[in-house]
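Once you've looked at the hints, dock chains B and C against the given chain A.
Chains as they are written, first to last, in the UniProt record's numbering: chain A, 1 to 449; chain B, 1 to 449; chain C, 1 to 449.
If you are wondering where the hints come from, they were derived from the structure by calculation, not from laboratory data.
There's no promise every hint is true.
One copy or two, it doesn't matter: identical chains are merged, so the pair holds either way.
What the hints assert, rightly or not - Here are the simulated DMTMM-like pairs of lysine to aspartate or glutamate, each with C-alpha atoms no more than 20 Å apart in a straight line:
(1) Lys378 x Glu51
(2) Lys52 x Glu132
(3) Lys126 x Glu51
(4) Lys383 x Glu51
(5) Lys378 x Glu54
(6) Lys383 x Glu250
(7) Lys52 x Glu373
(8) Lys383 x Glu54
(9) Lys378 x Asp60
(10) Lys52 x Glu379
(11) Lys378 x Glu49
(12) Lys52 x Asp64
(13) Lys285 x Asp64
(14) Lys285 x Glu379
The residues making up each chain are set out below.
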Amino acid sequence: MERPRHQGMAKNTYMRWRLPLVCLLWEVAMIILFGVFVRFGPEADAHWEEEKQEMNLTSDIENDFYFRYPSFQDVHVMIFVGFGFLMTFLKRYGFGAVGFNFLLAAFGIQWALLMQGWFHSFKSGKILIGVENLINADFCVGSVCIAFGAILGKTSPIQLLIMTLFQVTLFAVNEYILLNLLHIKDAGGSMTIHTFGAYFGLTVTRILYRPNLEQSKDKQGSVYHSDLFAMIGTLYLWMYWPSFNSAISEHGDAQHRAAINTYCSLAACVLTTVAFSSMLQKKGKLDMVHIQNATLAGGVAVGTSAEMMLTPYGSLIVGFICGIVSTVGYVYLTPFLESRLHIQDTCGIHNLHAMPGLIGGIVGAITAAAATEDVYGKEGFIKAFDFTGTYRTRTPSVQGGFQAAGIVVSLLMAFAGGTLVGGSAAAQVPEDEESDVYHMHNPDKPASP
Amino acid sequence: MERPRHQGMAKNTYMRWRLPLVCLLWEVAMIILFGVFVRFGPEADAHWEEEKQEMNLTSDIENDFYFRYPSFQDVHVMIFVGFGFLMTFLKRYGFGAVGFNFLLAAFGIQWALLMQGWFHSFKSGKILIGVENLINADFCVGSVCIAFGAILGKTSPIQLLIMTLFQVTLFAVNEYILLNLLHIKDAGGSMTIHTFGAYFGLTVTRILYRPNLEQSKDKQGSVYHSDLFAMIGTLYLWMYWPSFNSAISEHGDAQHRAAINTYCSLAACVLTTVAFSSMLQKKGKLDMVHIQNATLAGGVAVGTSAEMMLTPYGSLIVGFICGIVSTVGYVYLTPFLESRLHIQDTCGIHNLHAMPGLIGGIVGAITAAAATEDVYGKEGFIKAFDFTGTYRTRTPSVQGGFQAAGIVVSLLMAFAGGTLVGGSAAAQVPEDEESDVYHMHNPDKPASP
Amino acid sequence: MERPRHQGMAKNTYMRWRLPLVCLLWEVAMIILFGVFVRFGPEADAHWEEEKQEMNLTSDIENDFYFRYPSFQDVHVMIFVGFGFLMTFLKRYGFGAVGFNFLLAAFGIQWALLMQGWFHSFKSGKILIGVENLINADFCVGSVCIAFGAILGKTSPIQLLIMTLFQVTLFAVNEYILLNLLHIKDAGGSMTIHTFGAYFGLTVTRILYRPNLEQSKDKQGSVYHSDLFAMIGTLYLWMYWPSFNSAISEHGDAQHRAAINTYCSLAACVLTTVAFSSMLQKKGKLDMVHIQNATLAGGVAVGTSAEMMLTPYGSLIVGFICGIVSTVGYVYLTPFLESRLHIQDTCGIHNLHAMPGLIGGIVGAITAAAATEDVYGKEGFIKAFDFTGTYRTRTPSVQGGFQAAGIVVSLLMAFAGGTLVGGSAAAQVPEDEESDVYHMHNPDKPASP
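For reference, chain A alone in the conformation it holds in the complex (with noise of 0.2 Å):
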């Protein structure tokens, strides 16, 4: 249970330096940009005693703060001790899962805000920012975070940092293309966060491939307490998906229809990621890695779809074959994509995010070609899909078609992305292959070195 130690590594005084100035560097960038750009919005500026009786509000409870900071806070959970201990399964890699993801979660956070501020909430050269911005801002980095699970023990905390400052800006105009050029519906993120995350991701650890890691085998392996330590992570992602889900759907039916299906899906996927768990394995028992991730999948497949009128009898089928779709991933895919595509996906993303993405944004395309008035009724439906305006005569069939365009939209922003920063980082792969692991760091007399 002794930490292996490694003494005197080449390249530390280098290291020693460059880490510290790029954090330096970074936040006080963010210091002047925030300075510049970013306000307060209407609701939480204290003008808004004015704005109330500006907009006929009767009493504080309407402010979008009681509507979302509940959601928002597992929202945040999920980022933090979600992805984080997720990531603990791994014996060797437990701390640096843990701080690295902290570490880059709270940079991407700040540089989201910005980008996706510019795009969204720019008013008179000011970004406002309320309670949304800052659940759009854990959902960017919540795909920094699945990518970070392809590359995991490949990268040193730098080249994390430079990767998440490219994919949140790429996030964000991928956003904006969907959700404002394209006029789509995605609240959970099935494409934006999850599609987009892990072929970035799976893209960057394609082009960082090293022969070698696969010697290392034991540094890998799982023991008793790393998986107890990732179920934590699990049930936290699992349990709190349905906020995750709902957290930017419009206020009222739609967040509450949200929070049921992500449930419902969530519950079906459980029970398939068992069976083919149990039916994939010798000697018919359970691995752990199957029920640690692809129980995960029936979440991220109604992403788009959650708020739609699936019904919880859709969302159980989704989640039915997600799990099936994710397990079999797990057993057959990812020894694949290693063995013949150098793909080297240290958690399994492409089962958990990528191909259930995809599923998501399939089901989404699907639900809303099949959206009618009958189902939605009259106001319903113009609410849902946000009929109004320049898209006031748009049609249920060609929003599917335009939902459907969103994912390949995403593929190739992911694809491009990806090359980008991969390319760059194996400009400069550390050779010590191991060097991130070794970075955290804890002295036997923490208090009083």
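For chains B and C alone, kept in the frame of chain A given last:
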């Protein structure tokens, strides 16, 4: 810290197909039943826009989602993390506890949505679900998690699924008798969840008695880290119990009051647990098992009365008593039950759920019988006990009598159901008593086996 | 990984009766005092139906429960899981940290409900409590948890209970002076919770100085899994800090704003913590103790100003500075305090709470002094600083002066109180310095000893 491995179990070929088949077929059944019966309730349906106008609601914040969703998420954490991790204190069952709890709860909530739906939310041939149904489904599964605590280590996952099927069914019947026929109050489920669940599980474990289980004491021992994992379960149950007891109370003061009463009862319970744990242990040390379990008895014991005018000091008294009863139970009653009555109560649910549940039922009956219009206010009195329609003329003392009858009905249902399920399980007890424990498997190199 | 066992301690016969007696008698005292004084506030009382009509409230959602309960639960998690697990990084004190934190907090919240109630919620001879009182009780106990971090490993559970009794009392007095007499703002408790709690604890540990504690260095070491457990504490504190700082702010924009400011400050703090941890460590590695603690300083330091118009970039600047101050403190100041001033600060609370708390008080004073009607709006200005009644004519610069006075008062109260408690504890310091550590005991076969 290495997990033990057993190679080549005889019956695994059989198991290999039985668990997958049960999971898949039952999930298909769920999909069909959901397809036929389950639809969104009015507040989760896209027609809510029109509904809102009909009901003269001025704001989306009036949607039940905003009254109950934060409590729902807390309850969700209690069921999956709370109950799952509470049982990890046994070093041999860590995986099984969290993993099988996950499996049975994921199946159970689906079946509970149907069973409870038929009894309580059935309108024009459809079950209309909303966030309150999700909470009730979690509650129902909670009673199965409790029963699981008694038989942990004795049953295979298939047997757990069968138990879940039966127990959820009987839970719904019992709940219908109590809430609808007897018209009694039990918002936090002292009777429906804890008394029923615990005596159900104790009856099952009595029937599955295995004399040789005692010999494997070393497998049941606890270790340092297991205890910290178990404390995660304990603390989440303890912290979120106010949400549990208030989750389905009436909007407004009742939810508010239920949270305060539970908070007070739990705080007092910790003090008396520590006192008696220290007093009854050799050398005055504290027993972590008491801290992990008996501190929660105060939440169980105000399950019925928390939403009533129990008052903060009344709650303190209930918590005070339950900490003592529960700790004394762990020290004297659990060994007695095992040696004399052949009831092997692995996690001590008799002390944490059974006795405090009974106390909770009694406290509820007394509190109801003592209710007056003076204490509740005229409208508050009617609202608190729902003395409307057929029940317009029911008096508090009559209500107290019915509450007491609810305890008896819950006990009878638990004994009858437990005998049925235990008997059928005994008929097919696996020869290798450890089959379930070894069912969780984790290969050395998870991502690419 | 085996826990050490010490057999036959001399003073255990004495301890065996002292701890139980204190717990039981004090809990009985709580019951009596609650019986005499504590009742439900109007929003938790069954008379709320009539209250609602008098106050012209149209909906149950206007109940304060729905404004504050989600934040309350987050704060609750911070106190019990956050502070408890943060201290598990020391391998010898894992049990004690979580268990004793649980005990002192459970007692403390009851006594805090009384003390704070007498000062703030006392009407016609009764303390009327609601969800805001529960939050304030948790806050008050938070300051005790902080002080506990300085003396971890030095005190017996009884001494902790005595400290809790005194510290809660003094906390309430100090809070009354600050909030009522000086009429200052401190919603997130930079002064009342962090400055007061930390200097209180540091004064106590100074008095309880034990030269030989240094020799037991190996007992204070950290191990792999302890670090992951501690990260659970860290992350829950980090994620929920926005709820902490906004929990008791005014409804509406103030709560919204406090959450955003805290979110920003914490994000910046992570970056500078990583930068300085890497810069100051040998070979550029990160020190997990810094990541676990200094990343939280940003939340402490906006405790006073978060609900003011600090602006997002102002928050980033505060977080930026505090990450540096706190990390530098761990590297240079903690050893200095121990070797020169004989202040043994086990968990480094001087770096995490004391200095950031002072900074928070100063930032609050400056932000208040700089407030203008232009920035806040006419009504927002009055609402933000409660410039009504007697304080109608107070100007921002005067308010800033009073805010600064609040820091001094908190410091004086902390030193005086700490001296009192530390002195009385020193008079009865247990001979066996490890008494508390061994006080938690876990038999090999817990369920049936």
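Verification of the hints:
no.: 1; hint: Lys378 x Glu51; in the structure: between (30 Å within a copy, 12 Å between copies)
no.: 2; hint: Lys52 x Glu132; in the structure: within (18 Å within a copy, 24 Å between copies)
no.: 3; hint: Lys126 x Glu51; in the structure: within (18 Å within a copy, 38 Å between copies)
no.: 4; hint: Lys383 x Glu51; in the structure: between (24 Å within a copy, 14 Å between copies)
no.: 5; hint: Lys378 x Glu54; in the structure: between (29 Å within a copy, 15 Å between copies)
no.: 6; hint: Lys383 x Glu250; in the structure: within (8 Å within a copy, 30 Å between copies)
no.: 7; hint: Lys52 x Glu373; in the structure: between (33 Å within a copy, 17 Å between copies)
no.: 8; hint: Lys383 x Glu54; in the structure: between (23 Å within a copy, 18 Å between copies)
no.: 9; hint: Lys378 x Asp60; in the structure: between (30 Å within a copy, 18 Å between copies)
no.: 10; hint: Lys52 x Glu379; in the structure: between (25 Å within a copy, 11 Å between copies)
no.: 11; hint: Lys378 x Glu49; in the structure: between (34 Å within a copy, 9 Å between copies)
no.: 12; hint: Lys52 x Asp64; in the structure: both (12 Å within a copy, 19 Å between copies)
no.: 13; hint: Lys285 x Asp64; in the structure: neither (47 Å within a copy, 42 Å between copies)
no.: 14; hint: Lys285 x Glu379; in the structure: neither (51 Å within a copy, 58 Å between copies)
In terms of the numbered hints stated before, the structure departs from hints 13, 14, listed from lowest to highest.
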